[in-house]
Amino acid sequence: MSIQQWFYALPLRLRSLFRRKQADQDLKDELRDHLELEIAQNLSRGMSPEDSRSSAVRDLGGVTQIEERCREARGVSSIQDFFQDLRYGVRQLRRSPGFSVLAILCLTLGIGANATVFSWVEGLLLRPYPLVAHQERLVALTGTTPDSENPETSWPDLLEIQRSCTLIDSVIASKITGATLSIGDHADVTTGSIVSANYFDAIGVRPMLGRGFQPGEDSGRNAHPIAVISYRLWKDRFNGDPEIIGKTQRFSNVVFTIVGVAPEGFFGTFVGRAMNFWVPASMEEAFEGGGYKLDDRGARWVEGYVRLKPGVTRQQAQQEISTVASRLEAVYPATNRGHGLQLWPLWETPFNHASTLRPTLEIMVAVAAFVFLIACANVSNLLLVRSFARRQEMTVRLAIGAGRGRLLKQLLTEGLLLSTFGAAGGMLVAYWCRHALALLLTLYLPGEMDSRVLALSAGVCLIATLLVGLVPAFQARHVDLASALRAESTGVVGARGAAWLRSSLVVLQVCLSFVLLVGAGLLIKSLHEVRTASPGFSTSKVLDTSAPLVAAGYDAPRAKVFQDQLMDRVRSLPGVESAGYGRVTPLGYIPFSETPIAVDGYIPSPGEQPTVEYNQVSPAYFPTLGIAITSGREFTRDDDENAPLVAIVNRTMAARYWRGKDPVGQRLQVKGKWAQVVGVAADSKYESMSESPRPFFYVPLRQDFDREPELYIRTAQPPQTIVAALTREVRALDANLALYETITLQEQVDRSTSTQLVAVTLVGILGGLALLLASVGLYGLMSYAVSQSTRELGLRMALGAGVFNVLRMVISRGLTLTAAGILAGIATAFALTRLLGGYLYHVNPRDPLAFGSGLAVMMITAVAACLLPAWRAARTDPARALRD
Amino acid sequence: MSKPSDLVQGTLDMLILKILALEPLNGWAVGQRLKQISGGMLQVSDGSLYPALHKLEQQGWIRAEWKSSVNNRRAKFYSLTRIGRKQLEKESASWNSLSAAISGIVNLKEA
Numbered sequence: 001m002s003i004q005q006w007f008y009a010l011p012l013r014l015r016s017l018f019r020r021k022q023a024d025q026d027l028k029d030e031l032r033d034h035l036e037l038e039i040a041q042n043l044s045r046g047m048s049p050e051d052s053r054s055s056a057v058r059d060l061g062g063v064t065q066i067e068e069r070c071r072e073a074r075g076v077s078s079i080q081d082f083f084q085d086l087r088y089g090v091r092q093l094r095r096s097p098g099f100s101v102l103a104i105l106c107l108t109l110g111i112g113a114n115a116t117v118f119s120w121v122e123g124l125l126l127r128p129y130p131l132v133a134h135q136e137r138l139v140a141l142t143g144t145t146p147d148s149e150n151p152e153t154s155w156p157d158l159l160e161i162q163r164s165c166t167l168i169d170s171v172i173a174s175k176i177t178g179a180t181l182s183i184g185d186h187a188d189v190t191t192g193s194i195v196s197a198n199y200f201d202a203i204g205v206r207p208m209l210g211r212g213f214q215p216g217e218d219s220g221r222n223a224h225p226i227a228v229i230s231y232r233l234w235k236d237r238f239n240g241d242p243e244i245i246g247k248t249q250r251f252s253n254v255v256f257t258i259v260g261v262a263p264e265g266f267f268g269t270f271v272g273r274a275m276n277f278w279v280p281a282s283m284e285e286a287f288e289g290g291g292y293k294l295d296d297r298g299a300r301w302v303e304g305y306v307r308l309k310p311g312v313t314r315q316q317a318q319q320e321i322s323t324v325a326s327r328l329e330a331v332y333p334a335t336n337r338g339h340g341l342q343l344w345p346l347w348e349t350p351f352n353h354a355s356t357l358r359p360t361l362e363i364m365v366a367v368a369a370f371v372f373l374i375a376c377a378n379v380s381n382l383l384l385v386r387s388f389a390r391r392q393e394m395t396v397r398l399a400i401g402a403g404r405g406r407l408l409k410q411l412l413t414e415g416l417l418l419s420t421f422g423a424a425g426g427m428l429v430a431y432w433c434r435h436a437l438a439l440l441l442t443l444y445l446p447g448e449m450d451s452r453v454l455a456l457s458a459g460v461c462l463i464a465t466l467l468v469g470l471v472p473a474f475q476a477r478h479v480d481l482a483s484a485l486r487a488e489s490t491g492v493v494g495a496r497g498a499a500w501l502r503s504s505l506v507v508l509q510v511c512l513s514f515v516l517l518v519g520a521g522l523l524i525k526s527l528h529e530v531r532t533a534s535p536g537f538s539t540s541k542v543l544d545t546s547a548p549l550v551a552a553g554y555d556a557p558r559a560k561v562f563q564d565q566l567m568d569r570v571r572s573l574p575g576v577e578s579a580g581y582g583r584v585t586p587l588g589y590i591p592f593s594e595t596p597i598a599v600d601g602y603i604p605s606p607g608e609q610p611t612v613e614y615n616q617v618s619p620a621y622f623p624t625l626g627i628a629i630t631s632g633r634e635f636t637r638d639d640d641e642n643a644p645l646v647a648i649v650n651r652t653m654a655a656r657y658w659r660g661k662d663p664v665g666q667r668l669q670v671k672g673k674w675a676q677v678v679g680v681a682a683d684s685k686y687e688s689m690s691e692s693p694r695p696f697f698y699v700p701l702r703q704d705f706d707r708e709p710e711l712y713i714r715t716a717q718p719p720q721t722i723v724a725a726l727t728r729e730v731r732a733l734d735a736n737l738a739l740y741e742t743i744t745l746q747e748q749v750d751r752s753t754s755t756q757l758v759a760v761t762l763v764g765i766l767g768g769l770a771l772l773l774a775s776v777g778l779y780g781l782m783s784y785a786v787s788q789s790t791r792e793l794g795l796r797m798a799l800g801a802g803v804f805n806v807l808r809m810v811i812s813r814g815l816t817l818t819a820a821g822i823l824a825g826i827a828t829a830f831a832l833t834r835l836l837g838g839y840l841y842h843v844n845p846r847d848p849l850a851f852g853s854g855l856a857v858m859m860i861t862a863v864a865a866c867l868l869p870a871w872r873a874a875r876t877d878p879a880r881a882l883r884d
Numbered sequence: 001m002s003k004p005s006d007l008v009q010g011t012l013d014m015l016i017l018k019i020l021a022l023e024p025l026n027g028w029a030v031g032q033r034l035k036q037i038s039g040g041m042l043q044v045s046d047g048s049l050y051p052a053l054h055k056l057e058q059q060g061w062i063r064a065e066w067k068s069s070v071n072n073r074r075a076k077f078y079s080l081t082r083i084g085r086k087q088l089e090k091e092s093a094s095w096n097s098l099s100a101a102i103s104g105i106v107n108l109k110e111a
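Chains as they are written, first to last, in our numbering: chain A, 1 to 884; chain B, 1 to 111.
Source of the hints: derived by calculation from the structure; they are not laboratory data. Note that the coordinates shown come from a computational prediction; the quantities given were computed from them, not determined experimentally. Where is the CB? At the ideal position from N, CA and C, for every residue including glycine. One or more of the hints may lead you astray.
[Said to hold, decoys possible] Covered stretches of chain A (chain B as the covering partner; in silico rule of three or more C-beta atoms under 8 Å from a C-beta of chain B): (1) 4-17; (2) 53-63; (3) 66-72.
Chain A on its own, in the form it takes in the complex (with noise of 0.2 Å):
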C-alpha cells in the first residue's frame, strides 16, 4: 500500500484493533439498515410482510459470514488473534502456577546465564571502553621482535605511523602507569595513563570540566605539567570542588594543573583497572623513570590504539603499517632492526587482561550455551506433558473448526509468553551478574548491558521460544479427530506414541549435563595441580610490597641509601625472619631482563645465540624467598658496584653450559662483561606454573641498579600487622611516599592462575544448574510415565510382581535413558575436552578421574530423580489402579 493509501486506512485500523466493539456495532447496523431498506422496497412493490422480510433476509445470505469476511477485510484479525492466545496463554499459566513458575525458572536461568556472558564479552572484549566512539574501529597497537615478547613500541615510531599512514584516523598512546598522589596527610598510590595530546579528541570522550589535552602538549620535555583526572578521583579525594579547574595537586613529586575532569562512567582504555588520571606524554619522564624517551626511537615503552578509517579492514591497515615498519627498518637499522609493528582486535589486547580473560570468556560462551538448552529441553518437555493433558482440549477446537495452522499460532504464543517472562528474568539475572566476575577477580571488570546484549538475548529469547513451543506443536501434529472419542490411553512405561521425543530430550539433557560435568571435573584437577605444585620458592611467609621511587623523584644515589636505610629498619621489626630485594617478582606481570651469554667452553650450534633470562637481586634474597644454595655462597653486602662482578646460575643453567661441571669459580658473560660465578642456586618456576625447567641466573642489584625493585620480607606473623609498621618506617623515611599494595607471594601465584579459578568456579557453578535441570527433566519423565500406566502396573502387581520388580522397572527405564545420554556425552566430550587443551595444567583432556566422576556423579543423580517416581509406583494399590 502506498503512503496515501495508509493516511486513509491508518485511522481505520486502529479504530478496528482499539475500539472493536465499536466497529462490531457499526457493521451489525450497517447491515440492519440494508435488511431494512430492502424490506421495504419488496412492501412496496407488494409483497406481503411476511414474504418481505425473508426475501430480503434470503438476498442477504448469512449474516455472521459477511461479518466475518469483513472483518477480515480490515485486516487486523491476526492481531486480534494473537492477543486472544495472549489472554488465552497467561489464563492456562496461572491455572497451573507450579508448571509455570518451574518453566520460567528454567527459562531465566537459560536466558540469563547467556545474557550474563553476553554482558561480560561485550564489556570487557567487543566494546571494553564506556563513552569511547566507535570501539568498532579501534584496534591495538604494539610493537614486535623476533626473539622476545615485547610489546611496546617507541615514540618516534608512534608519530610517523600518524603520519605516513593513509587508511587510518588516528594513533592515540595510552601507557599504563601510576603515582603517588598525596591530598592533606593521606597519600595513596593511583593508577592512571600516559596519554598523546590527541586521545580525548580521538576517543570522542569530552571531559565535563574544564577541557582535555591541545595539539603540541605531547611534546617538549617536561613542557606541560597538566592533568586530566577522572569523575571518582574528583569526587572522592577533591570532594566534587566545582573550583578544581587551575589548581595544582603533585602526582609523584611532579605539581600538576587539573585542567580537566573526565565524564561520569569513562574509565579510560585499560581491560581490568579503571584509570584515576591521565597526563600527556611530554610528562613521560615523571612517571617512566630512565631519562626522556621522546626522542629515543630505541626505547620501546608505548602501549595505544589506532583508530581505523570507515570500511578499513585490520588486515588493511595492518599491511599499511607493515610497509612502514620495514621502511623504518631500512632508515634506522641501529634501533629498528627486526622490530615491526602489528595491529590486534581489542579482544586480543595483548597489554591489558583482555587476552588473558578470553579463554575463561569462550569457554563461559560455550558452557552457557549448553545451560541455555538442558534449560530448554527441560521445559520442552514439560510443555509435551501439558499438551497431552491437553489434548482433549486441542481435538475439541480441532473438531469445531479451529486450522492446525491456528492450534500452532496458539501454541508457540505460549511458548512466547513463557520465553518473555524468562527473557525479563533472564535481564534481572544479567543485570545483577554483571559485575560478577570483579568480584572473582579483584580487577576492575565491568560488564555492559547495552542495546547489543539486549538485542542478543531478545534472539535468544526467540530461540527459546520456537524451541519451546515447536516441540508440543509438533506433537500436537498426530493430535487426530479419530481418536477424540476414544478413552485416554493407558500407556505401558515409556513405550507409547511420542514417548521418544520425550525420551530424546531427556537423553540430551543428560548428554549435555555430562559434558559439563567433565569439563568442570578437568578445570577442578587442573587447578588443584597448579595450586598445589611447588613453584620452588616458599610462598605462604613471603610478604611482596614496594614503595614508588621513580615516580617519587629518586635518583639511584638516593635510591641506594633509602633502600638501605629501609632494609636495616625491616630487618629491626619484631616478627621479621629475613628481608631482600628483587627487581622482578617470580610468576607476577613484569617479565625478568633477558641477555645475550657467553661460557668459557661452551661453543654454541651454528646460529645459536644463547639467551638467558635473569633477575636482579640483593643479598638474603635466596633465603628469604626459601630458594637453596647447592653449591658456592650467595650474594653479600660486599657484592656492591665497586667489587668484581659475580653471579648465581640455577642448576638448569649448570647443567646446559657447564655440562655437569661445578661452574663455581667460572666465568660467564653478561652483556659484554665477565663476571664470575659464585654460586648455583635451585630450579623454580620464573614466569608460569606450567614451564618446564630453563636456564636462569641471578646478579646482585648493586651491580645492575634498579631504583624500585620488590621487597620481599618472610615473617611467621600475619601480614595486616607487618603493614602497619612497614607504612611507619617508609613514612619516617620519606612522609610522601605510601606503598604499593603488600601481598604474600602465595596471593601473587594465585593471581596468576586467577583466570583459572574463575572458569573453575562458574564451570562449577552453571555445570551444578544444569544437572539439577537434567535431573529435574529425568524425574518428570519418570513420573509422568508412572502416573500414565498405573492401571498395567497394577496389573503386573496383581499378578504377582513384587515391589522389588517394579522398582526394577521403573529405576532400569531411567537408568537406560541416563546410559544413552552418557553414551553420546562421552562421545561429545571427547570431541570437546581437546578445546580445553592450553586451559589443562598436567592434566590430560581425556583425564579417566574427569570423566569416572562425571559418570559417578550423574549416574547417582539419575538414581535419585527416577527413586521417587519408582517408590510411587511400588506402592500402586492394585485393586485401586484397576477399578479406576
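Got chain A; can you put chain B on it based on the hints?
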C-alpha cells in the same frame, strides 16, 4: 445466485468505484444501482457487496460516513476519495484497452 466468477470479482471493485464516483451512496443503494445500470446483467449478491466495500475502504479508495438519510435515520454512506478517483481512472483505462483488444479478437472476420 452463484458466486461471481473471478473476472467479475476483479471488476466488481471498479464498478463500485464508478458508481460511487457519480454520487455518495449507502451499501444497499450501491447494490440497487449495480442491478439498474447493468439492466440485471450483473447480479452481485449482497453477501459479496459488503466485504468488497469494506476492503475498498481499508485500501483508502473509498471513505465511509454516517449521515442522516431520507427517513431521518443514520445510515452509512460511501464516497470516493482522491486516490480512489485516481485508481478508478487507472482501472478504467486498463479495462478499456483490455476490452478493445478482446473485442478486436472476437470480431475478427472468419476467412
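Taking the hints in turn, this is what the structure says about them:
| no. | hint | in the structure |
| --- | --- | --- |
| 1 | 4-17 | holds (count 8) |
| 2 | 53-63 | holds (count 4) |
| 3 | 66-72 | holds (count 4) |
Going through the hint list in order, the structure satisfies each hint without exception.
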